[in-house]
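Just so you know, the sequences run in chain order L and A. Per this note's numbering: the first sequence = residues 19 to 341. Per this note's numbering: the second sequence = residues 19 to 341.
Derived from the structure by calculation, the hints contain no laboratory data. Among the clues, some could well be false.
A pair holds if it fits inside one copy or across any two, identical chains being indistinguishable in the list.
With a Cα cut of at most 20 angstroms, we get these calculated EDC-like pairs of lysine to aspartate or glutamate [stated by the list, open to error]:
hint: 1; residue 1: Lys262; residue 2: Glu217
hint: 2; residue 1: Lys262; residue 2: Asp107
hint: 3; residue 1: Lys331; residue 2: Glu341
hint: 4; residue 1: Lys240; residue 2: Asp329
hint: 5; residue 1: Lys102; residue 2: Glu341
The structure presented is a predicted model; accordingly, all values stated were derived computationally and were not measured.
2 protein chains.
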Amino acid sequence: MRHCLLALVATTIAWPALADPMPSWRDTDTKARIVAFVDAVTDPASPDHVAPADRIAVFDNDGTLWAEKPVYFQLLYALDRLQKMAADDPSILTTDALKAAAAGDMQALAATGEHGLLEVIGATHSGMSVDAFIADAADWLATATHPGTGLRYAQMTYAPMIELLGYLRDEGFATYIVSGGGVHFIRAFSQDAYGIPPEQVIGSVGESAYELVDGVPTLVKKPGIAFIDDKEGKPVGIDRGIGKRPILAVGNSDGDFQMLEWTTASAGARLGVLIHHTDADRAFAYDRDSAVGSLARGLDEGPDRGWVIVDMKADWDRVWTGE
Amino acid sequence: MRHCLLALVATTIAWPALADPMPSWRDTDTKARIVAFVDAVTDPASPDHVAPADRIAVFDNDGTLWAEKPVYFQLLYALDRLQKMAADDPSILTTDALKAAAAGDMQALAATGEHGLLEVIGATHSGMSVDAFIADAADWLATATHPGTGLRYAQMTYAPMIELLGYLRDEGFATYIVSGGGVHFIRAFSQDAYGIPPEQVIGSVGESAYELVDGVPTLVKKPGIAFIDDKEGKPVGIDRGIGKRPILAVGNSDGDFQMLEWTTASAGARLGVLIHHTDADRAFAYDRDSAVGSLARGLDEGPDRGWVIVDMKADWDRVWTGE
């Protein structure tokens, strides 16, 4: 009896591989190339076979696993949080950037440049414990809605990408997020939204310190950036956090270029994938001239490098997880 | 037939749990407390049961998983490497610390203090690719021998600790190294020596950069320290690299105090373990007054905190993996 149960469990586990693992992808050359790559590295008889321990797949987050318009969702969170904080204590608005952000004046905030954005992040992402920050971000994600779609942000993850993550894990891949976003913000939703646990989230890192707060051991978030996981920083973040070279990298902007370059330049079957935002009707259409998620070099050089360019409008049968 | 095979596999997988998983540990209260903790967090019927995904165990390396006398083995590697480099090009010896190190004058090197040691690390741990560094460290570990025992360094891992790592993994734990040593140096041997893959090694991090070297994408090690994973740094390193609070922490020096404090201060069954080096005959005996691996606060406060203090001489039936 025990043996039958074990066999039943094993059969159940084996079952999903028989169905189409990515029903939200249309049957285009794009989907075929991704599946062919996975088959090549997982078939023990294939010359390109890769051992499960080395099946490392890395995914950008903003614009790749969920949307990034009108601006990065983490910034929208920071603005909401700053406005709440300012309502309690207006004296925290000590700079032009903070005043503009609290007033919701995006043009004035943009005029303060990257330095202004870092002031907003610093003011809203420090001074509390890591646990309290993650809980606050999770609360925001559970209630806040997107200004354009009215969906909650976790509903604006891309259904085809969630399917790709699950398909890869079923095929023995470890799926990592490698994002320019903050590691603590992403960890507030990555397990529920993507099935990616905290230890497989690599992102930008704010300063933090281990302190006894009223005698209680606490990790406290501090102002200041310890590491920016973007562009040339992504291969560095992958090395520090994984220590293995990925065989599959998926991104959507030129901030992912070096991650795809690092991944696909090594020997053996390797795949780089870029999500091209071509779908103005169901989502957003942008590339070269976008202030957020600009994609130019990837479009120019990607095809010659053998990278797959996903045409969101043509290749995806469905976009939002939450629609 | 397929069902029978599956059942056979399942039975085989279950088998090792029936044998003593830690034969190199004598049947003392120390071993009993460790096993009782593992039983409490893995028994589904236990009030202290912890889901497999949260069974995070963190281990210091130097003095906990392998020896650290006469000095950290990574420093011995750095000295050998510096002497090789100086033989090729004596002009690299630009400071008193580098000259003393290349001459093997430990007293003169010690006189230059921590700054001198960082000069030696900087000179020997930069200017090559990450891959080349790891290959060089692996070559050294395969050939160099310890001045006292004549054993190769990987033979000076502790057999009882290797058994504990395997026992924990068999019980569904993820076993991480959280070391003040350099992450790239540890990755040169952690898989072979401990069964711990690169992505589960957290350590101090030197600066590095992603560059095209003769057109080839390369991660290059640079001088300078990006993060020191010691003392208060260990909980920070755990948060950055794992994002979950461990339930078991094992160390041997006061550099591990905060890691054990962070681990054992949370709710539920938690265990802190300190290896006390009491075995002058088979290994080394040292604690409070040792320049390397000093253990004082842990001995003073550990017992009241419920931490297990391992008496190496009394609790271990065997020490070196390589003996």
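Results for each hint:
no.: 1; hint: Lys262 <-> Glu217; result: both (15 angstroms within a copy, 7 angstroms between copies)
no.: 2; hint: Lys262 <-> Asp107; result: neither (46 angstroms within a copy, 33 angstroms between copies)
no.: 3; hint: Lys331 <-> Glu341; result: within (16 angstroms within a copy, 64 angstroms between copies)
no.: 4; hint: Lys240 <-> Asp329; result: neither (40 angstroms within a copy, 39 angstroms between copies)
no.: 5; hint: Lys102 <-> Glu341; result: neither (29 angstroms within a copy, 63 angstroms between copies)
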